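Visitor: Just so we're aligned, residue 190 is where the sequence shown starts under my numbering, counting upward by one.
Some clues are possibly wrong.
What the hints assert, rightly or not - Keeping only pairs whose Cα atoms sit at most 30 Å apart, straight-line, the calculated DSBU-like set for lysine-lysine is: (1) 561 to 648; (2) 664 to 713; (3) 644 to 624; (4) 644 to 563; (5) 716 to 704; (6) 704 to 561; (7) 644 to 692; (8) 692 to 704; (9) 692 to 716; (10) 664 to 648; (11) 561 to 692; (12) 561 to 536; (13) 563 to 692; (14) 692 to 664; (15) 624 to 561; (16) 535 to 563; (17) 538 to 563.
As the list claims (entries may be wrong) - Simulated restraints, written as ranges between beta carbons of each label pair: (18) 905 to 813: 30 to 38 Å; (19) 525 to 607: 48 to 56 Å; (20) 277 to 322: 54 to 62 Å; (21) 519 to 496: 32 to 40 Å; (22) 676 to 817: 49 to 57 Å; (23) 541 to 583: 32 to 40 Å; (24) 277 to 496: 29 to 37 Å; (25) 516 to 713: 47 to 55 Å; (26) 823 to 555: 55 to 63 Å; (27) 541 to 676: 18 to 26 Å; (28) 885 to 855: 21 to 29 Å; (29) 673 to 356: 34 to 42 Å; (30) 923 to 623: 35 to 43 Å.
Worth flagging that the hints you see were computed from the coordinates, not collected in a lab. In this text the structure is predicted, and so the values were computed from the model without any measurement. Using N, Cα and C, we set each Cβ at its ideal position, and we do this for glycine too.
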Amino acid sequence: MKKGFILSILCAFILFGCSGDQEIKGNNPNVIPAVENVDLNNPVIPVNAETAAEICLSEDAELNDVELTDVETTTPSSSNDSDSSGYGWLFLMGFLGGLVSLFTPCVFPMIPLTVSFFTKGGSETGKGFGKALVYGLSIVAVYVVLSLPFYASGTDPEILNEISTGFTLNIVFFVIFLVFAFSFFGYFELTLPAKWSNKADKASDIGGFFGIVFMALVLALVSFSCTGPLLGSVLAGSLKDGPVPITMAMLGFGVGLGLPFALFAAFPSILKKLPQSGGWLNTVKVVLGFVELGLALKFLSNADFVYRFGIVHRETFYLIWILIALATGAYLLGMFRFPHDSPNQKKSKIRLTFAALFLAFGIYLIPGVFPKDKQPWGTGLISGFPPSTWYSWYNNEVKGIEGISLEIEDEALRAQAEQIVVLDELIDFIVESNKDETKVHYHINDYEVGLALSKKSGKPMMLDFTGYACVNCRKMEEHVWGVDEVAELLEEYIIVSLYVDDKNELAPEDQGTVKQELADGTVKDKKVIMVGTKWATFENMRFGNAAQPWYALLSPEEYLLTHCVGYTPDPSAYANWLCAGLRGMEKVEAGDYAVVKDTSSDQAVIQAVDYHVDWEYAVEQRSDSIIELTINGTIDEGWHTYSQFLTGFDGPLPTMITFEESDDFELVGDIVEENTHTYFDSVWDCEIIEFTDNAIFKASLKRASMEAFTLNGTISFMVCENGQCLPPTDQTFEIKIAE
190 MKKGFILSIL CAFILFGCSG DQEIKGNNPN VIPAVENVDL NNPVIPVNAE TAAEICLSED
250 AELNDVELTD VETTTPSSSN DSDSSGYGWL FLMGFLGGLV SLFTPCVFPM IPLTVSFFTK
310 GGSETGKGFG KALVYGLSIV AVYVVLSLPF YASGTDPEIL NEISTGFTLN IVFFVIFLVF
370 AFSFFGYFEL TLPAKWSNKA DKASDIGGFF GIVFMALVLA LVSFSCTGPL LGSVLAGSLK
430 DGPVPITMAM LGFGVGLGLP FALFAAFPSI LKKLPQSGGW LNTVKVVLGF VELGLALKFL
490 SNADFVYRFG IVHRETFYLI WILIALATGA YLLGMFRFPH DSPNQKKSKI RLTFAALFLA
550 FGIYLIPGVF PKDKQPWGTG LISGFPPSTW YSWYNNEVKG IEGISLEIED EALRAQAEQI
610 VVLDELIDFI VESNKDETKV HYHINDYEVG LALSKKSGKP MMLDFTGYAC VNCRKMEEHV
670 WGVDEVAELL EEYIIVSLYV DDKNELAPED QGTVKQELAD GTVKDKKVIM VGTKWATFEN
730 MRFGNAAQPW YALLSPEEYL LTHCVGYTPD PSAYANWLCA GLRGMEKVEA GDYAVVKDTS
790 SDQAVIQAVD YHVDWEYAVE QRSDSIIELT INGTIDEGWH TYSQFLTGFD GPLPTMITFE
850 ESDDFELVGD IVEENTHTYF DSVWDCEIIE FTDNAIFKAS LKRASMEAFT LNGTISFMVC
910 ENGQCLPPTD QTFEIKIAE
């Protein structure tokens, strides 16, 4: 039976099978939340983490070890899941996959054949090395070319995410990996059509450069039955992040497979040190078959989790992986055999070591089938692979109104919640029930619902752009959100989890078409029919990002409190970021916010700001009628403000001090400033007088009488850093002058 077209069919399905038009049952022009106060056309600057709220510094918050300074891991980027480090990781995974494939029964025996091809005819050493290099590069090129069709999917930032999280594709991968597994177990052989490899083999006899290239193609075709499953694993693991990660993974696979062949071809003497082919290769193949079974379950779990069929709960996933690990260990101990295994298999030390490792891994996973509060140890090694903790056998969920579900242990409260059918009443119920302590836990996956609860409770929102099939999202939930210092800070937010791969259809009246600008600058009509499409488009259009996880902190008035972040595995860095958001919330509540520029990214939003100058006031009686007012501004490092004597050009605004008119005093002379320095500013193209560490102003005031009075005034100033300036602001002051 020919099964060689499986990957070809799969690629065709990926590129063309999900592009069918869907009919919009309604056409709501406001299908994507406006979030009008997040203005992407205005300049911005992030709130520094060092300005975090007081909760971050209190002993009760248990954040004494958190260093409240700017953290590199929380710098915004356009795609945290697809940055250079992510590409490097994919390349490494592909490289390891290529190396593993070297030790399969289809590839390993080809090593001496390849060496004989390059050494026949007594080729000179220099020429042999050159041919080996061309051969290795040709193998790499074959696998890189396999990634090129994925670039035909267009530039829609969400298309590959939609495809990779679709039910059909995940089921297709599940079936294919099952087929691969049973092929590795020896029940049948996966081969490409014989005429393909025969034609390539004949072409390789041509000789010269083209013969070497075709020799590389022969290797790829003949070894397909063993490399195909591993290649499929690499392909499936990198699909959701776009075509570039696929290319990086395939490049790694090609290098991992091609480099050893090139080395063997260039230095044939290495061949003598390799072990002989034999039954151990079949053992490797069977172990890989068990690995394929585990991967197959992951794709079945993706399909089930996205649609929440209730087939593969978190504990079910753990149970099956435990059985697979224990079965692998039992096989390596010789407790059962597969069709291609020899009757008497030698139990070498290496085989017994791997048996012990698989058995230990199975035992390590056992706590995963128990409730979280009864687990004797954690299972962090596979975090991100099982479904989320709330998708559980032990879920105590109360089905709420659409967009929100509740978890309530108290039976009386549960009964009360089950009777509520109006959103406003449910929100009142949550706020009232959680006044003194948290009795009602909620899971919100709708922006409007989260905004309503935020406004009612007065708490800011944390938008969590996530996905059911997002591995890094699960890692954040399990390894970062669960840390005490982070969990306590999250209590100060309304968490709104927006699943970009939610395949449920929107209500007809909520469907619509929006104008979306793609990465290449073109604008297209985007149909929004599914819930996940709504949130993916919302993330892309309002927050300029298409990767998950992605987090944004918004006030109830929908002001962005600090810059957005993506995958941040360092709990302290994440706590820093949450603290900065709470500090921003304080600024919003005080009315101290403005439009500012985030210099670390192209993102522009309205957000709360710290003006980086702390003003202090001191009064000294100089004589019976003269008092001296000293105004001292302490300026944050890296920032500066300007002299009061800047005039006559379009540069920064000068600092101005004005006093409210009063019969109680009069200004004597001019306001004097100290601690300035002058330099030529290339940004403003002029001489600038500025303050960098401290801005000191002194004013002499003559009292009208010896009676007590109040001195009111305003300081108008602007601050800049590296050519980026905050908008000018006014700070009022009120000073009591004693008798």
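Visitor: Please go over all the hints and tell whether each is borne out by the structure.
Guide: Going through the hints against the structure:
Between residue 561 and residue 648 the CA atoms are separated by roughly 28 Å; this keeps the pair inside 30 Å, and the hint holds. Restraint check for residue 664 and residue 713: not satisfied, since their Cα atoms lie roughly 34 Å apart, outside the 30 Å limit. For the hint linking residue 644 to residue 624, the alpha-carbon distance of about 15 Å falls within 30 Å, and the restraint holds. Distance restraint check for residue 644 and residue 563: the Cα-Cα separation of roughly 37 Å exceeds the 30 Å cut-off, and the hinted pair is therefore not satisfied.
At most 30 Å may separate the alpha-carbon atoms for a hinted pair to count; residue 716 and residue 704 meet this at roughly 9 Å. Among the hinted pairs, residue 704 with residue 561 is inconsistent with the structure: their alpha-carbon atoms are about 44 Å apart, more than 30 Å. For the given pair, residue 644 sits about 29 Å from residue 692 by alpha-carbon distance, which is consistent with the 30 Å threshold. For the given pair, residue 692 sits about 21 Å from residue 704 by alpha-carbon distance, which is consistent with the 30 Å threshold.
Of the pairs offered as hints, the one joining residue 692 and residue 716 holds, with about 14 Å between alpha carbons and a cut-off of 30 Å not exceeded. At most 30 Å may separate the alpha-carbon atoms for a hinted pair to count; residue 664 and residue 648 meet this at roughly 25 Å. For the hint linking residue 561 to residue 692, the alpha-carbon distance of about 28 Å falls within 30 Å, and the restraint holds. The suggested pairing of residue 561 with residue 536 is violated, with an alpha-carbon distance near 38 Å, which exceeds 30 Å.
For a cut-off of 30 Å, the pair hint linking residue 563 to residue 692 is broken: about 33 Å separates their Cα positions. Using a Cα cut-off of 30 Å, the hinted pair residue 692 and residue 664 holds, with the two alpha carbons roughly 22 Å apart. As the CA atoms of residue 624 and residue 561 are separated by approximately 26 Å, the hinted pair is consistent with the 30 Å bound. Restraint check for residue 535 and residue 563: not satisfied, since their Cα atoms lie roughly 41 Å apart, outside the 30 Å limit.
Taking the CA atoms of residue 538 and residue 563, the gap is near 36 Å; set against the 30 Å cutoff, the hint is violated. At roughly 32 Å, the beta-carbon separation of residue 905 and residue 813 lies within the given 30 to 38 Å, and the hint holds. Distance hint for residue 525 and residue 607: a CB-CB separation of about 50 Å, consistent with the stated range 48 to 56 Å. Taking 54 to 62 Å as the suggested C-beta distance range, the pair residue 277 and residue 322 does not conform, at roughly 24 Å.
For residue 519 paired with residue 496, a C-beta distance near 34 Å keeps the hint of 32 to 40 Å intact. One distance hint, 49 to 57 Å for the beta-carbon pair residue 676 and residue 817, holds here, with the actual separation near 52 Å. Remark: the range hint 32 to 40 Å for residue 541 to residue 583 is upheld by a beta-carbon distance near 37 Å. Range check, residue 277 to residue 496: about 34 Å between beta-carbon atoms, so the 29 to 37 Å window is met.
Evaluation of the 47 to 55 Å hint for residue 516 and residue 713 yields a pass: the beta carbon distance comes to about 49 Å. Range check, residue 823 to residue 555: Cβ separation about 57 Å, and the 55 to 63 Å hint holds. Range check, residue 541 to residue 676: Cβ separation about 43 Å, and the 18 to 26 Å hint is violated. Judged by the Cβ atoms, the range 21 to 29 Å given for residue 885 and residue 855 holds: they are separated by roughly 22 Å.
About 38 Å separates the C-beta atoms of residue 673 and residue 356, a value consistent with the hinted range of 34 to 42 Å. A hinted range of 35 to 43 Å for the beta carbons of residue 923 and residue 623 is consistent with their spacing of about 39 Å.
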